[in-house]
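Chains A and B supply the protein sequences, listed in that same order. Start counting the first sequence at 146; every next residue gets the next number (my numbering). Start counting the second sequence at 146; every next residue gets the next number (my numbering).
Any given hint could turn out to be false.
Which copy is meant is left open, because identical chains are indistinguishable; a pair holds if it fits in one copy or across any two.
To be verified - Below, simulated EDC-like cross-link-like pairs (lysine to aspartate or glutamate); rule was C-alpha separation at most 16 Å, straight line:
#: 1; residue 1: K368; residue 2: D214
#: 2; residue 1: K387; residue 2: D336
#: 3; residue 1: K368; residue 2: E218
#: 4; residue 1: K302; residue 2: E326
Hints listed in this document are in silico derivations from the structure and should not be mistaken for laboratory results. Since this is a predicted model, take the numbers as computed values, not measurements.
There are 2 protein chains.
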Amino acid sequence: MKIVFIGSGNVATHLAKALHETGNQIVQVYSRSLENARALAESVSAEFTDNIQKTSPSADMYIFSVKDDVLPELLSQMPPTTGVWVHTAGSVPMNILAPYTQNYGAMYPLQTFSKKRALDLSQTPFFIEGNSEKTNSLLEKTAKEISTNVRFLSSEKRRYVHLAAVFACNFSNHMYALASEIVEKENIPFDVLLPLINETSAKLSEMSPKEAQTGPAIRFDEKVMTKQLQLIKDNDTQEIYKTISKSIHKHTT
Amino acid sequence: MKIVFIGSGNVATHLAKALHETGNQIVQVYSRSLENARALAESVSAEFTDNIQKTSPSADMYIFSVKDDVLPELLSQMPPTTGVWVHTAGSVPMNILAPYTQNYGAMYPLQTFSKKRALDLSQTPFFIEGNSEKTNSLLEKTAKEISTNVRFLSSEKRRYVHLAAVFACNFSNHMYALASEIVEKENIPFDVLLPLINETSAKLSEMSPKEAQTGPAIRFDEKVMTKQLQLIKDNDTQEIYKTISKSIHKHTT
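Input sequences plus hints: build the corresponding full structure.
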């Protein structure tokens, strides 16, 4: 299959490489940054452009993987094509593509992608949705080339999966970031926290997060909580400590 | 070595089992709940009691592993002993033990313990501190029997390690709990989030949490953030979303 990527960020990079490796032809990469377009294009033997109007019109699939904010403008500037248009956004309804083309859908990989970290996508859940039987089949076939974990999901429900991902990934990662600041300020290497972090996620293969919870907030150990709040100098971080402790306690009772 | 455990919670249970397995004799377990004392005692071939004043006076080590709130009262009720007294609390200074005995210290395992999940402690960091050379040696020897990751740390600094652990473990786990509520409300199984959660922690072996961050808050994708806030019905969870997103953004710039 001939595929064009609109976007060259973390998601585009990982998807393009995976689809290239499974034998698809990435014909072109568009990015508003020519440098980023070139970097991704070179790794998947594709052409590249920073002019959306020069998007190749003859590919089988166009994968839009850009910030939600810029998607509408890009869509309005796309030349007409015959291929299927697909976006990879969790919180954007499939129908945003309807005014511009005939066959369209969404393919949302539930994962955290960083360009510099290699990733085996085979276990990553892909949530797909197409506007017709034909598009559904094509999306299913494509997603199954790179993942064993593919399911259909409506735009309506995909938003909630995306919201859950923000909590499970971005927000938990920010907790790691705040923890790293706390120990590093005391000249203790962040590494000491890794066995704890790994066990915290590993526990979830055996029990629910609610069952897995430990620590002062779930014990409602007020003495510890009061003392810990006093150690936090930053107001926003204090606020996070209070808000989350309160929520943990609320979920216990 | 003959060891008495004061407490039968998650930490006491894992430590007692590990020390029993490495050839120490757990002579007695105290808990205010006789049932809990018995359960732990039986698994490590120990005596048990719910009367702190009947604590065996002739052990080599007394490990206090109880909620911080109840520690002072228990200490004041302990009979005199010749052995070393050690507590396992992150946020309690070692000197809390000074009025009661001659040789004392702290041994804090940086880990999340649940009774129902088995755990290999060998990679778990132990932060130890004693009031004398002799106590330091004994604590180091004991901790090294169950872990390869043992280091000395002052009470002052241990508080910060504990605070960091609350963020890295308890708070990140609560993010998983909120994520699980969000998907389960939509009849999507929590399991779909596991590859994402595992990758989020696995990334930290290659990069710092700050480098690893992805998602709408770090991109400052206001469109997504506004839409996601509207999906959250619970006020406290909304507050968490706003506070953490703001903090992520602040840490980027």
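A quick look at each hint next to the structure:
1. For the homomeric pair K368 and D214, the shortest alpha-carbon distance between copies (6 Å) is at most 16 Å, but the shortest distance inside one copy (45 Å) is not.
2. When the C-alpha separation of K387 and D336 is checked against a cutoff of 16 Å, the pair qualifies neither within a copy, at 26 Å, nor between copies, at 29 Å.
3. In this homomeric assembly, K368 and E218 come within 16 Å of each other (Cα to Cα) only across copies, at 14 Å, whereas the closest approach inside a single copy is 54 Å.
4. In this assembly of identical chains, K302 and E326 lie within 16 Å of each other by CA distance solely across copies; the values are 14 Å between and 36 Å within a copy.
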